[in-house]
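Need the complex rebuilt from these two chains, each delivered in its own frame; the hints are there to steer you.
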Amino acid sequence: KQEVTQIPAALSVPEGENLVLNCSFTDSAIYNLQWFRQDPGKGLTSLLLIQSSQREQTSGRLNASLDKSSGRSTLYIAASQPGDSATYLCATTTSGTYKYIFGTGTRLKVLA
Amino acid sequence: NAGVTQTPKFQVLKTGQSMTLQCAQDMNHNSMYWYRQDPGMGLRLIYYSASEGTTDKGEVPNGYNVSRLNKREFSLRLESAAPSQTSVYFCASGDRVADTQYFGPGTRLTVL
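Residue numbers (my numbering), protein chains in the order written: chain A, 2 to 113; chain B, 109 to 220.
These are calculated hints, taken from the structure and not from any lab test.
Quick list of the computed label-pair ranges, beta carbon to beta carbon:
{"#": "1", "chain 1": "B", "residue 1": "D203", "chain 2": "A", "residue 2": "P83", "range": "30 to 38 Å"}
{"#": "2", "chain 1": "B", "residue 1": "M127", "chain 2": "A", "residue 2": "P83", "range": "33 to 41 Å"}
{"#": "3", "chain 1": "A", "residue 1": "A113", "chain 2": "B", "residue 2": "E160", "range": "44 to 52 Å"}
{"#": "4", "chain 1": "A", "residue 1": "S13", "chain 2": "B", "residue 2": "P116", "range": "33 to 41 Å"}
Built from N, CA and C at the ideal position, the CB exists for glycine as well.
Chain B on its own, in the form it takes in the complex (with noise of 0.2 Å):
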């Protein structure tokens, strides 16, 4: 089992540039969460989706768009990105809403 994979590992983009962060899981998870990661502000909830055609907003949605395509797949789109957007992004997988999480390695991603 791969687990959670993230790609690309990393990415520089200059402002107004979009781009999608994939993630997959081969756990058979429901649940499924975008993070980002910031020095001193530990992680924060982006968008997450509770089960297959669903997504919610977390504490941080704006400036971000997500798809769950199946139960395997939930990426994160940027728009228009904007060098508050540098961070590092994490995926994480789980069998149900607040269950054990599982995260991937993570897109380290710079916005200039």
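Okay, chain A solo, but in the shape it has when bound (with noise of 0.2 Å):
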């Protein structure tokens, strides 16, 4: 069964530094693993979406990238802003199910 992991569970840094989010799977057999940002009381948005196939996705100041072998996805965020404080969620499907599961997410305060 696939489980996903997110580390740190919350991040505190200030303004301007590029950052790292961390996104862990178990099962390598995916089929895309997507990044999603939620703010407080908020539903989800879609960030960036990388396919089986991809090794990195790019967006703005985002850059995702995608290690299927060793189960790992990263979301780079230059330059942060206070506007990047957020929740962000990972969440991939297996092979076959489609069904996404989703980490338990990163939450992010950038400090002006």
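This is the structure in structure tokens:
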């Protein structure tokens, strides 16, 4: 059974820092992996989706990488801003099931 | 476009009462999903519908029923609510199963 882990659970950084959020999964036979952002009391917003055949995806200051063999994905945020403060979740599907399994998220606070 | 809408936003039930959570999307997506989010547990898939006319169980289907009324609407019913069903419920949709998912704002349900 696929299990998704995100460490650390919470992170505080000063504005302007480049930072990396980690996501680990136990079954490397994934179909794809998504990174989401969730603001307090709100729904989730998809940030980046990486297909299993891809190594990375980029959108603005965000870059997500995928290493299936090691069961890891990272979300890199460049030049962090207070507006980046939110919870970041990763989710992956195992080939053949197409059901997303979510990590518990990393709560990020960027200090002005 | 309203995206994914959910009603109600908040609900308080007594144990044993029933209710239906409504979800609608205006993006002409084929797939729709119901998740619950609990502290420390992340999001867990309750049911999903890969296309109009089909529904499948997710990770935690017990105590719930769903109806894919048409392509736009996917409802979640609690026949006899229990305190363990206190949670935040999210509906999501996507063009295809395991594609990018778009989330609604959530329904906060408390069962006393």
